[in-house]
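Chains A and B, in that order, are what the protein sequence lines are.
Going letter by letter, the first sequence gives residues 288 to 644 in my numbering.
Going letter by letter, the second sequence gives residues 103 to 563 in my numbering.
If you're looking for bench data, these hints aren't it; they were derived computationally from the structure.
The model shown is predicted, which means the values in this text are computed figures rather than measured ones.
Glycine included, each C-beta is placed from N, C-alpha and C at the ideal position.
Heads up, a few of these hints could be off.
[Said to hold, decoys possible] Using C-beta positions, here's what the derived DEER-type ranges look like: (1) Asn-457(A) to Lys-338(B): 15 to 21 Å; (2) Asp-426(B) to Gly-617(A): 18 to 24 Å; (3) Ala-356(A) to Asn-302(B): 39 to 45 Å; (4) Pro-627(A) to Asp-494(B): 47 to 53 Å; (5) Gly-513(A) to Ala-195(B): 45 to 51 Å.
[As the list claims (entries may be wrong)] Derived DSBU-like pairs (lysine-lysine); straight-line CA-CA distance at most 35 Å: (6) Lys-338(B) to Lys-362(B); (7) Lys-529(B) to Lys-552(A); (8) Lys-362(B) to Lys-499(A); (9) Lys-426(A) to Lys-509(B); (10) Lys-487(A) to Lys-509(B); (11) Lys-543(A) to Lys-338(B); (12) Lys-529(B) to Lys-313(A); (13) Lys-509(B) to Lys-499(A); (14) Lys-362(B) to Lys-487(A); (15) Lys-499(A) to Lys-268(B); (16) Lys-337(B) to Lys-552(A); (17) Lys-338(B) to Lys-464(A).
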Amino acid sequence: MSSLRDALAAGLLAATLALPAWSQGKFPNIGRDATPAEVAAWDIDVRPDLQGLPAGSGSVDDGQDLWEARCATCHGIFGESNAVFNPLVGGTSADDIKSGHVANLQRPDYPGRTTFMKVPTLSTLWDYIRRAMPWDNPKSLSTNEVYAATAYLLHLADIVPADFVLSDKNMAEVQQKLPNRKGMTTQHALWPGNEFGAGKLKPDTQASACMKDCGPAPTISSELPGHARNVWGNLREQNRTVGPQRGADTTRPEGKLGDAAGPVKVVGPAGEDSPHARAIALTQQLGCTGCHNMQGKLVGPSFADIAQKYAGKTDYLQSKIRAGGSGVWGDTPMPPQDAPAADIKVIAEWLAAGGGK
Amino acid sequence: MTDIELQPAPASMTRGSVRKAPENFLASADIRAIQVGGAGAGRRGFLRDVFAAALAGGAATQALAQPAAAAGEGDPAILKLPRHSTSLGQPVAAHPYGQPSRYEGNVQRRQSPGLTQTNQASVSFAPIQSLLGIVTPNGLHFERHHQGWWDIDPQQHRFMVNGLVKTPKVFTMDDLMRLPAVSRFHFIECGANTGMNWGNVAVPTVQYTHGMLSCCEYTGVPLITLLEMAGADLKKGRFILAEGADGSSMTRTIPIELVKSGEVLVAWGQNGEMLRPENGYPLRLVVPGVQGVSWVKYLRRVELGDQPWATKDEAVHYIDLMPDGQHRQYTSIQECKSVISTPSGGQVLLGTGFYNITGLAWSGRGKIKRVDVSVDGGRNWRSARLETPVLDKCLTRFNIDWVWDGKPAIVQSRSMDETGYVQPTYKQLRAVRGSRSIYHNNAIQSWLVQENGEVKNVQLA
């Protein structure tokens with residue numbers, strides 16, 4: 288018996304020693320090794336030193352076709368649209384490309400900041416397009432399509448010529464032409480580590496806590512104008528109905544002290560018990576609500592407006608949702624919708640019947 | 103948002119209002135319905151009908167500013183026994199998950215109109231004007247999505263560790279939840295919180311000025327444990343990349359120093375329940391003291407590396423534009439900050455007399471040490487009471503007594519953390535950073551209490 292026990296013990300010991308400490312450690316049988324294919328499937332990030340960049344290429348020309356089909360809905364044909372997201376292109380100059388600093392960033396009167404006014408590293412754009420674009424169908428572009436879209440953007444920003452082909456071979460070179468490549472600093476106290484060597488910097492404001500007769504008498508320099516009183520809805524309905532105060536009734540002019548004691552309406556979230564719950568849920572699920580509100584224009588017309596214009600026209604609405612298109616309500620085109628026909632029908636029927644909540 | 107109740111709240115809810123109960127308020131059929139019908143939609147409809155009837159019968163209703171006891175024999179809320187004292191209430195588990203009182207229906211997350219063009223790359227703000235203590239209820243935790251939220255099947259969710267490790271590892275939720283979990287209270291604040299106020303006053307209430315802020319007990323396993331299980335090279339590995347599983351696959355670089363300290367959690371729990379889908383169910387990163395964008399939701403992967411990644415949200419957004427045209431990159435810490443939530447913008451004080459001024463203070467660098475309050479626009483200050491618990495990188499509630507004499511007052515709070523850092527005024531902050539930034543605005547907030555009791559968001563010269 289004892290020899291058997293010894294043999295077992297020795298076997299166990301050997302087995303334990305054979306396992307690397309890091310794979311078992313304190314927590315045996317928790318987790319497993321990832322296969323190379325699994326790592327490759329998810330490890331899609333690309334760093335500024337271009338680690339992670341896959342081989343491939345795409346031309347400005349190919350990028351333009353892709354852009355018009357997949358990207359222009361949100362960003363405009365020339366990447367300058369402000370309709371859905373901030374403009375990507377604009378505000379940079381040939382001098383900026385030389386200096387690596389965008390001059391307009393020093394101008395307080397310059398109206399906005401485009402992507403190319405800020406982005407210092409081309410890897411950032413490439414990585415983001417690959418992982419998150421198109422907005423409503425992320426990760427659907429091939430590697431070469433990502434190169435092509437990036438090339439087209441670079442051309443719109445006057446960084447590469449119209450006949451340019453962007454590839455893994457010339458990414459590093461093109462990165463050295465970004466207008467704001469020298470526009471970033473890590474010398475500040477807002478990084479919670481010492482990795483950038485700036486961890487010992489002091490916070491940039493060094494206020495002191497004066498307690499009595501501090502500074503001059505206060506004067507008010509900014510408050511909301513009267514016409515904005517009700518822009519956020521009735522603030523009375525955004526506050527608790529008991530306690531030391533009420534919300535201000537912003538549907539009315541300001542009252543006297545004590546006026547706030549009257550009844551308060553309690554409000555609740557929309558659509559909870561709606562008979563149209565399925566259609567409404569589908570508009571959410573299929574991404575329609577990215578551009579359409581129930582009431583009031585968002586990127587596209589409201590569902591209420593569509594329902595009014597196309598009352599009873601289920602077939603038209605179905606084909607319109609499926610094919611997408613532009614021109615009826617404004618310049619921004621609607622992307623085609625490749626959801627199951629049955630789902631599209633539910634939405635079309637709902638709209639055709641009035642599109643109620 | 104639509105009304106769930108079309109009539110005003112019942113008279114008993116509002117101070118000093120008198121409303122006579124109509125005759126036959128409860129018909130015998132109504133009484134049967136409440137006894138037989140029990141809970142659910144039927145009962146809700148019943149309540150709606152009964153209150154609608156009560157309103158119709160109480161057309162002569164008049165709200166009075168004075169306590170009702172002054173009129174007649176006393177307050178009808180005392181003299182007339184209400185229905186909840188004289189009939190049967192609802193059964194247990196009528197709402198198996200539970201929900202707030204219908205009278206709390208106004209306490210909701212809200213979007214600010216015009217802030218974004220789409221609803222799936224947008225923000226909802228926590229109603230901090232109505233929150234108590236330091237914990238944000240899960241249903242009111244602020245939301246920020248980049249490509250819409252998902253309710254992900256936890257059985258299908260996987261978490262991977264790769265990069266500078268001996269063996270890349272995959273964990274299921276079952277794996278992760280077997281590990282020794284820790285639970286910690288921390289605040290989470292979006293780097294853009296209060297961003298709309300950088301240049302001037304742009305929104306009316308504390309919900310919109312400071313509501314990209316929440317505080318919860320988060321439960322999970324320290325990330326360092328998982329990195330060690332994969333055999334992480336913590337000498338070469340100086341940064342991690344955290345990546346989400348949603349459409350945006352949100353990615354952020356985080357310093358290894360924070361990870362090594364054990365602070366950074368891979369979390370599944372929030373206030374005693376699993377994370378809500380809007381907050382990253384089933385797994386998110388918790389990075390105490392650091393802006394919310396780094397608390398990657400739907401966390402699917404952590405990579406260990408020797409260089410930072412400069413992802414979109416650290417190279418184009420969440421960077422601070424300085425007056426010289428340079429951007430500060432990788433700005434992450436949420437510096438010491440505070441705000442008064444009562445009284446605050448968009449509210450109206452009911453009368454003069456005693457008030458408890460209350461608010462929240464927090465610091466991404468540690469514990470709150472002191473909060474001072476001024477009611478004269480920063481000329482004179484008194485130190486407030488800090489309520490317990492006072493925790494590391496967590497919201498701290500403060501209170502201070504105030505007797506309002508009915509004259510205009512400008513109330514402010516100023517916090518200090520354990521490093522000695524003092525929350526700056528707008529003037530001090532703008533002197534360094536200008537006014538064209540979006541992120542990391544931690545300036546002192548001013549609320550103007552007017553003579554009519556209405557409170558406004560103001561900035562001082």
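Status of the hints after comparison with the structure:
no.	hint	result
1	Asn-457(A) to Lys-338(B): 15 to 21 Å	violated (29 Å)
2	Asp-426(B) to Gly-617(A): 18 to 24 Å	violated (40 Å)
3	Ala-356(A) to Asn-302(B): 39 to 45 Å	holds (42 Å)
4	Pro-627(A) to Asp-494(B): 47 to 53 Å	holds (50 Å)
5	Gly-513(A) to Ala-195(B): 45 to 51 Å	holds (50 Å)
6	Lys-338(B) to Lys-362(B)	holds (13 Å)
7	Lys-529(B) to Lys-552(A)	violated (39 Å)
8	Lys-362(B) to Lys-499(A)	violated (43 Å)
9	Lys-426(A) to Lys-509(B)	violated (59 Å)
10	Lys-487(A) to Lys-509(B)	violated (46 Å)
11	Lys-543(A) to Lys-338(B)	violated (67 Å)
12	Lys-529(B) to Lys-313(A)	violated (53 Å)
13	Lys-509(B) to Lys-499(A)	holds (20 Å)
14	Lys-362(B) to Lys-487(A)	holds (18 Å)
15	Lys-499(A) to Lys-268(B)	violated (60 Å)
16	Lys-337(B) to Lys-552(A)	violated (60 Å)
17	Lys-338(B) to Lys-464(A)	holds (30 Å)
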